[in-house]
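Student: Could you put the whole structure together from the sequences, leaning on the hints where they help?
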Amino acid sequence: MVCLLTLSRSVCAEVGMLFRGIWTLCRRCCTGPLLLLGIAVGLFYHTVTMDRDRSEFKSSQRDQRNKSAVFEYKLLLKNPERLISLLQASQTDGFVHHSQRSCEGKAIILTGQHAPTDTEVQLYQRVLQQQGYRVDQARYAETSASLRQDRRDGRDWSVLLCLKGSEKSCLRKINFAHPQHYQRVNIIPAFAGAFLDMGGVCRFLTDSQLSEVTLPIRPSACAFSSSPQEGTPNTAEHQQRKPITHSDNQSLNATVNVYVLVTSATPLTAFVHRTALVKTHLDETSYAIELQVFFRERLGLLLSYQAIDHMNHVISDILKAALLSTKESSSSPRCKLCFQLMTFSLHYNASLRPVVVKLQTDLHFDGMKDPYFDGQIAKEYMLEDVLKLLFPVCNSEAVEPSSPLNMQEETQKYGVCEGPNGLCLPQDEMHLLRQFNQHLKRPGPFQLLYPISSPPDDLCHDLIQRESHSAQDYGWRPALMALLQELSLYYTRRHQTESSLDEPKSPEPSDSLSRKGKCVDPHLRQLYTDPPMVLMPTFNARMKEYRAEVPFDVITIHIRPEPVSPHCHIHLDEHHGPRMANYPVGLGNSRINILVMDESEVEPVVMTIYTLHIYRESRPSLPMFDEYVMCSFVQDCGLVVRPDQSCGLEPFPGSGEAQVSPQPCLSGDEPGRWVVPCLSCSDNRTCDWREVAWQPDSCYHPLLDQPQLQTCLMNRKVLFIGDSTNRGMMYYLMERVNTTLEDWDKAHDTIVYHNLNQGRTIVSYSYYPQFWLPKSQRPTFQRALQQLLERSQPLENSPQTVLVAGGVQWLNLNHLRTIQQVLKREGLENIMVVVKSLGMGFHLPVDGIRSLPLNGVQELYNVNKNILESAKHLGFEVIDTLSITMGRYKEFLQGRCACHFHEVYKLPFPTAASQRNLKILRLGGESGNPANEQTGPQQHEDPSSPPDVSYHVKGPVNAVYSEILLSRICVNHAVNGTIRQQ
1 MVCLLTLSRS VCAEVGMLFR GIWTLCRRCC TGPLLLLGIA VGLFYHTVTM DRDRSEFKSS
61 QRDQRNKSAV FEYKLLLKNP ERLISLLQAS QTDGFVHHSQ RSCEGKAIIL TGQHAPTDTE
121 VQLYQRVLQQ QGYRVDQARY AETSASLRQD RRDGRDWSVL LCLKGSEKSC LRKINFAHPQ
181 HYQRVNIIPA FAGAFLDMGG VCRFLTDSQL SEVTLPIRPS ACAFSSSPQE GTPNTAEHQQ
241 RKPITHSDNQ SLNATVNVYV LVTSATPLTA FVHRTALVKT HLDETSYAIE LQVFFRERLG
301 LLLSYQAIDH MNHVISDILK AALLSTKESS SSPRCKLCFQ LMTFSLHYNA SLRPVVVKLQ
361 TDLHFDGMKD PYFDGQIAKE YMLEDVLKLL FPVCNSEAVE PSSPLNMQEE TQKYGVCEGP
421 NGLCLPQDEM HLLRQFNQHL KRPGPFQLLY PISSPPDDLC HDLIQRESHS AQDYGWRPAL
481 MALLQELSLY YTRRHQTESS LDEPKSPEPS DSLSRKGKCV DPHLRQLYTD PPMVLMPTFN
541 ARMKEYRAEV PFDVITIHIR PEPVSPHCHI HLDEHHGPRM ANYPVGLGNS RINILVMDES
601 EVEPVVMTIY TLHIYRESRP SLPMFDEYVM CSFVQDCGLV VRPDQSCGLE PFPGSGEAQV
661 SPQPCLSGDE PGRWVVPCLS CSDNRTCDWR EVAWQPDSCY HPLLDQPQLQ TCLMNRKVLF
721 IGDSTNRGMM YYLMERVNTT LEDWDKAHDT IVYHNLNQGR TIVSYSYYPQ FWLPKSQRPT
781 FQRALQQLLE RSQPLENSPQ TVLVAGGVQW LNLNHLRTIQ QVLKREGLEN IMVVVKSLGM
841 GFHLPVDGIR SLPLNGVQEL YNVNKNILES AKHLGFEVID TLSITMGRYK EFLQGRCACH
901 FHEVYKLPFP TAASQRNLKI LRLGGESGNP ANEQTGPQQH EDPSSPPDVS YHVKGPVNAV
961 YSEILLSRIC VNHAVNGTIR QQ
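For the sequence shown, the residue numbers in this note's numbering are 1 to 982.
Derived from the structure by calculation, the hints contain no laboratory data.
Please note that the accuracy of each hint is not assured.
Unchecked claim - The following label-pair restraints were derived from C-beta to C-beta distances:
| # | residue 1 | residue 2 | range |
| --- | --- | --- | --- |
| 1 | G648 | A350 | 51 to 57 Å |
| 2 | W772 | H873 | 30 to 36 Å |
| 3 | D156 | P116 | 18 to 24 Å |
We put the beta carbon where it would ideally sit given N, CA and C, even for glycine.
Tutor: Below, the structure written as structure tokens:
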């Protein structure tokens with residue numbers, strides 16, 4: 001106050017003297033305007049002088065406060081508990097507005113190359129929404145309505161996540177509008193240039209500041225194409241390679257992928273995830289394991305800590321060296337809270353000191369046994385850990401608000417500076433300090449990487465440390481770094497104390513032990529499929545039913561459900577089904593049941609059932625135009641069964657020439673091909689696949705109309721023995737004869753249909769082989785055939801009795817000889833026998849059943865040829881179903897064998913009421929009860945009973961070879977026609 005009074009008196013005296021001089025001058029020689037100008041100049045001069053003096057006064061006051069603040073920093077460094085208390089108090093009371101903004105903020109996900117339905121995108125959206133954010137999606141920053149339409153230049157968002165393919169767009173956004181102190185982006189701009197590949201050398205290694213530094217890194221570590229095992233050791237590797245002095249059975253020779261989260265670049269703060277990806281010199285694939293566990297198993301307890309320390313310092317040195325090469329090391333960073341996920345591939349070769357052989361600025365899990373599922377699932381688990389560390393749930397911190405008295409006491413002791421916080425730090429640096437404190441307080445699966453409390457005595461480390469401090473020596477940065485160091489040291493000591501106090505827990509009571517491992521949350525965390533499918537609705541653990549569509553060319557789906565709890569067990573379709581599996585996807589609808597089970601008890605319990613309905617589209621087709629060409633094909637290029645034949649579409653031979661009227665085929669195995677009209681034979685998408693037809697090369701198979709078929713089968717018995725493909729032909733015959741199919745069953749026993757064709761035709765069926773029974777209990781083919789003949793008696797020893805035998809791939813020459821022997825013994829050697837040959841199936845890699853390799857499928861053709869020749873030699877009729885199915889192997893319907901080319905489905909309304917009554921007799925199996933069979937027409941129907949049900953057999957390929965069967969059975973009743981799909 002005394003200084004102010006003195007200053008005021010001197011100013012007034014000077015102003016008085018000035019006015020007296022001016023008045024004297026005016027009276028002598030000056031005019032009025034000149035007098036006013038002089039007065040103005042004088043006042044301006046004294047005003048400037050007073051402002052300068054006032055500024056110097058305030059500056060002295062600020063210097064005084066800053067010196068006091070430095071003194072207070074020293075007190076806080078000696079008492080870290082008070083520092084943490086002050087940070088919590090400032091977070092509770094001083095930054096309420098910021099916390100509310102974060103909780104109510106908006107997160108923007110730039111998907112880039114990812115589809116919005118990808119599981120990784122869904123993970124980001126799900127976790128951020130759980131943490132309280134509103135989530136928007138766009139492909140790039142330029143296409144984001146939230147970024148483009150924001151009146152404040154995109155500054156209302158809190159989180160910006162840039163996925164693969166959108167990085168450049170993100171960097172443009174950061175450069176154009178620097179993020180605010182509360183905004184976070186998952187790209188650190190400084191690293192974007194430092195880790196570029198410059199002709200096989202990492203860009204930051206070319207900086208002149210690092211010319212005297214030898215870093216433990218291969219120069220080519222930033223190359224995109226190089227693998228961690230490529231390259232030869234360089235000078236750095238030789239210098240770093242110091243032998244481990246321990247027994248040979250604990251040797252360390254491995255490549256370890258370490259996953260680093262850099263939470264701030266300037267100043268540098270970073271964490272390492274406890275899970276790593278390891279591949280030793282004895283392993284063929286990589287596997288995930290905790291870092292501490294891996295080093296302890298290889299090196300023992302003491303050396304494992306040393307290995308972790310060396311790993312931390314190597315990675316820290318690389319990060320600091322990279323930051324030195326950027327302009328942000330000596331200027332204010334563009335994004336204070338930008339963070340970066342990185343993968344460091346470290347190579348250990350009989351030394352505790354690793355060498356960085358590959359460095360990537362994102363997460364990579366290459367080399368795992370299941371590269372798609374294992375890698376993607378591991379990545380998403382780690383991403384979830386990152387999101388929960390960086391973005392805690394709103395109001396989840398149970399921080400007790402400081403009382404006004406305590407807050408006033410803290411401010412008086414540590415808060416002599418201006419602003420809402422008492423640490424004399426800029427707002428963004430204060431927020432960074434608070435964030436670092438929260439990360440250390442609840443690190444989850446992360447461990448602190450930098451700053452570390454005790455740097456090693458190493459020339460390389462000292463040089464980088466010195467350069468870092470000189471580059472960052474401006475503002476309050478040294479004080480900030482000191483506080484960060486003190487926080488890291490405090491929490492490191494506290495965690496060590498807590499871990500040393502942890503003693504083995506006493507055994508829990510028996511009732512608790514019985515509940516150990518119980519599935520308490522029976523839900524799925526995510527449903528992974530390869531190729532990825534778009535689920536409708538979007539996956540949600542509470543939703544139990546989903547639908548998806550796949551294109552025609554997708555014939556298998558690899559599915560892997562992932563439970564929320566590891567104590568819950570997953571089985572597909574049945575209680576003992578696989579946890580994950582390859583599924584064949586037939587045309588039309590398929591259904592997969594996912595069972596979430598609790599297996600903690602003796603008897604497993606199904607807790608939850610998810611259902612996935614998959615619809616596979618038909619082959620792409622165009623309607624036939626006026627101008628078209630006829631194309632043909634024998635086999636699909638996706639599966640070449642006959643290497644000596646061409647594959648795919650080609651012009652139909654002789655399609656433009658006048659053809660001689662063909663003759664009816666004399667056998668069911670006449671060589672042929674599929675014929676289809678197309679706009680061009682070079683593109684199968686231009687074909688009208690509704691008009692595709694099987695065309696023998698030099699004849700035709702007659703097509704019977706229904707009256708001819710009914711006449712042909714009058715007073716005849718048709719016996720079928722074989723698997724479900726044989727059963728599909730039987731039901732096709734029944735529907736063709738009766739106009740409709742009134743009864744259908746997936747019979748796996750013996751079944752007899754009476755009153756077919758108005759009671760004038762009998763059809764019987766026996767399933768063979770019964771593969772679900774133990775091998776010692778399965779009926780032999782001879783026994784199954786004899787049983788079928790017995791159940792179908794009386795039989796006439798003439799072509800009026802027809803036996804159709806065959807299946808997918810079980811038929812061989814022994815079965816043909818057995819048929820001949822049994823028929824001769826039963827006095828039925830004159831009946832008609834039709835042999836259905838092999839068919840396509842078991843050619844897809846499906847879990848739980850056998851799968852044929854390509855050479856195995858190609859061998860089927862030779863086996864099938866021998867079966868056809870032998871059957872004709874024995875006087876049997878034949879149908880070459882392998883040649884028919886191999887060109888359209890992708891058009892299978894439901895079934896894990898991919899061998900079913902037919903499907904029976906229920907019609908929405910009954911048809912052909914006059915044909916509804918069938919007498920059905922089931923014998924010797926699980927399906928059907930003879931006591932419930934219907935012996936004749938019902939004269940009095942209950943009006944309240946539901947209407948009769950009708951079925952239809954669909955499947956164009958099945959229709960083709962079933963029509964050939966009918967033409968061979970009724971060879972004397974046929975008319976001209978061409979067999980087309982029905």
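Student: A separate judgement is required for each hint: does it hold in the structure or not?
Tutor: Results for each hint:
1. G648 <-> A350: 51 to 57 Å: Holds - the Cβ-Cβ distance for G648 and A350, about 55 Å, lies within 51 to 57 Å.
2. W772 <-> H873: 30 to 36 Å: The hinted range 30 to 36 Å holds for W772 and H873, with Cβ atoms some 34 Å apart.
3. D156 <-> P116: 18 to 24 Å: 22 Å, holds
Violated hints are absent here; each numbered hint is respected by the structure.
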